[in-house]
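Participant: Chain by chain, the residues run as shown.
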Amino acid sequence: MSQWVIKGLRTGIKSTRYPNVAETAAGVSPGFPAETNLGGALAESLVAGCPTRALGLGPQGVEVDRRRCVHCFRCIRGAKRPLDWESGYEWARIGADGAHRDHRLGRPFGRSVHILVVDAGDCGACLNEVKQLNNPYYNMHRLGFFLTPTPRHADVMLVVGAVTEHMRHALRKAYDAMPTPKRVVAAGACALCGGVFGPSFICGSGAAEVVPVDVEVPGNPPPPLAILHGLLVAVGRRPPANGAG
Amino acid sequence: MAIELGQMAAQAQTRWPGRVRADTEQDADCAYRIECEPQALPEVCNWLFSDLGYSFGGLVVEEAARWELRYLFYGDREQGWVHVIARLSADQTRVPSVSTLIHAADWHEREAEDLFGLVFEGHPRLGDFVLHNDTWQENLTPMRRSFDDRKPAAWRTPDSDWKPRQIVEEAGAFLMPIGPIYSTATGPAHFVLETIGEDVIRAQPRLFYAYRGLEKIAQGRAAEDLLLIAERISGTSAFAHSLGACQAVERICRIEVPPRARVLRVWAAELERLRHHVGAIEGICESTGLVVAAAQAAIIEEDLLRISGALTGHRYFFGLNALGGLTIDLDDCALLHAAWQVKAAVSRLSELERMLSMSSSFLDRLEEVGNVGASDAREFGLVGPVARASGVSRDLRRAHPYLGYERVDFDVPCETEGDGYARLRVFFGEAAQSARIISAVSSSIPQGAFRAPQVSLGAGAALGWVEAPRGAALHWIRLADDGVVDRYRIITPSFANWHGFRLGAERFAFQDFPIILATFALSVHENDR
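Going line by line, the protein sequences match chains A and B.
Residues in the first sequence are numbered from 1 upward in steps of one, following our numbering.
Residues in the second sequence are numbered from 1001 upward in steps of one, following our numbering.
Check before you lean on any hint, since a few could be wrong.
Non-contacting residues of chain B with respect to chain A, defined by C-beta distances greater than 10 Å in every case (computed) [unchecked claim]:
(1) Glu1025
(2) Pro1038
(3) Ala1090
(4) Thr1135
(5) Lys1163
(6) Pro1259
Computed cross-link-like contacts, DSSO-like style, restricted to lysine-lysine with a CA-CA straight-line distance of at most 27 Å [claimed, not checked]:
(7) B:Lys1343 with A:Lys80
(8) A:Lys173 with B:Lys1343
(9) B:Lys1216 with B:Lys1151
(10) A:Lys7 with B:Lys1343
(11) B:Lys1216 with A:Lys14
Calculated directly from the structure, the hints in this document are not laboratory data.
Note that the structure is a prediction, hence the values are computed from the model and not measured.
Think of the CB as a built atom: it goes at the ideal place given N, C-alpha and C, for glycine as much as any other residue.
Could you put the whole structure together from the sequences, leaning on the hints where they help?
Facilitator: See the structure below:
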């Protein structure tokens, strides 16, 4: 077995230095359309072309609701006047239920946070990005985050997917089984607003219908760094993204 | 036992005189239609499956003025596609079951029973399947046209005391329910494992926790928006599924895809296959507790995700496919650079394969574990790498080439043992072949348009097929006059392979269960839709 030890050592350190230093590698994030000072027929056609109503017209031009964006790229590819595009990944915001209370879990959870991942009915992309958090590049253990298979040990619930009718009950039961204090991070457009799937006869319009959501991470799927930021926001170790919406 | 297609019509008509009407020629989509009366359906299907060696593709149910049941079969290249079609009057809902003769049709008929309310006479296990009985009222049939998909359906208050039924009743029998929330980061699935001592006697998955009703919510949408849904059937094989949907619509509307777009699609599809297989290999290493190997595979997977993200804007190729081509052109230099990065990643992958093949404690967990024999694999209609590890070699890229795969040089790795190690070797072998294809096409990408200049949608129906990373995926699409989706039937490889999963899991020790599950590389999202 010594060959594996040597192999591991030879590979060296791959981990990103985020959150101390921003990650600049290519391909870590799909980005989002940015608010663009644009009016008239061009703006209207872009807003009308958005399949999930993530774009809207405001006093500043075209406004973007990141929670609803599913990265279809229709507002930049093939558009007469493409919207501005922003890269980055620190998108997590405090959810509606997180605003009324101190969103920090507090010092006891500084370096040992156990996370229960609940897939409440997504397409598998969000879940795969959550899995990447354990790969050597993101290595969530170095930040004191650990995945747990049981709600009894969990401090934070990470929900992905539009909650399907079949998972609604299981999600609620898992939340109730978690000891307090507990926080919920909803990741992905489906968990925030139903995404492409909901609301429909079988999918709801987000996890907030079933459990109180403290932190919202937009993206479809949110890249691993965005989920990591959401977790850091949930325990008060990183400020949430600025702005409303 | 291949017979000439022209003779097939004559044979079918002499075997079932007056009850079967068969085309004498293939149509433009390589499809060959046999219309038969419902009572002859099982015999005709079994003739194709057992006597002529066709693979069972799936069942498409369409509700119109009459019910139309379409059983899809595909064979080798010269055998083409066969659609066996039976029609029922609107008030008739009973039809003889095909699954009594072809077990691969089992889940297709259960699904149609659950979602359309059709009754398949002679089928032993209808009932609780897609719609769980503890959550849904009886007799709801959401796929019927009369059912409104926008309103929440009247569901029951879930029954907290629901318990799986115990089948094994011997002394020492123990029932172990697992899921739907289990392990650290897995899709929702429930397993009913019945054990006596260490051995799993019966392993029945209860799925469809991630049932998102995609076939239903697709109805009434514009064909372009259909791709949003197709990409999200399974996020880890998004490009393959959107490609299947694109090909169906392109067939209906006779859209000519430019040569450059076809090659770029091959490029993306193979990169996705490579990335999926690396993920599967990582899962297998992790299930055996070999963390360094799992970490090595995870590094490669993340590298490939970053290559995809840097090149196309999205790590999972969302928003890349468009009707008639791609949404963006990919830069030739960037493609060459990416191909070079892929090559570097794959050389690390083959080093990993070499090291794994010498780790005896790892091999002990995989060899002779989760065996699926060739006849079982065929009987259950397994597809993709899982079937190829059991000696069932049919690959749609070879059998019915699309995108110009007939001009691409590649091998289809095939093993015969059918155990966990055979599946691992197939994953490694296919990953290497995908890298070979990427490298070959990168240096010879034709110039020209990346998208058909104009796309005019019309009415019609067609089948799109694609060899997705997990196996054969079939997309049946019917468009109405205005290009709006009338019916979207998605037949996914995971649906076939979950059906056969218990073949591998039963008869083996309980502690092997997670490893067997990992070697099947199943996706609940792709299965549940």
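Participant: For each hint, tell me whether it holds in the structure or not.
Facilitator: Tested hints:
Against chain A, the non-interface label of glutamate 1025 of chain B holds: every CB pair exceeds 10 Å, the least being about 39 Å. Every CB of chain A is more than 10 Å from the CB of proline 1038 of chain B (nearest about 30 Å), matching its label as outside the interface. The beta carbon of alanine 1090 of chain B is kept farther than 10 Å from every beta carbon of chain A, the shortest such distance being approximately 23 Å. At roughly 6 Å from the closest C-beta of chain A, the C-beta of threonine 1135 of chain B falls inside 10 Å, breaking its exclusion from the interface.
Separation of lysine 1163 of chain B from chain A is adequate, the least Cβ-Cβ distance of about 14 Å exceeding the 10 Å criterion. Non-interface status of proline 1259 of chain B relative to chain A is upheld: no Cβ of that chain comes within 10 Å, the nearest being about 20 Å off. Of the supplied pair hints, the one linking lysine 1343 of chain B and lysine 80 of chain A is violated, its CA atoms being roughly 37 Å apart against a limit of 27 Å. Between lysine 173 of chain A and lysine 1343 of chain B the alpha-carbon distance is near 47 Å, which puts this suggested pair outside the 27 Å criterion.
Taking the CA atoms of lysine 1216 of chain B and lysine 1151 of chain B, the gap is about 12 Å. The hint holds against a cut of 27 Å. Restraint check: the Cα-Cα separation between lysine 7 of chain A and lysine 1343 of chain B comes to about 20 Å, which is no more than 27 Å; the hinted pair holds. The hinted pair formed by lysine 1216 of chain B and lysine 14 of chain A fails the criterion: a straight-line CA distance of about 44 Å is larger than 27 Å.
Hint compliance for this structure: hints 4, 7, 8 and 11 are broken, all remaining hints hold.
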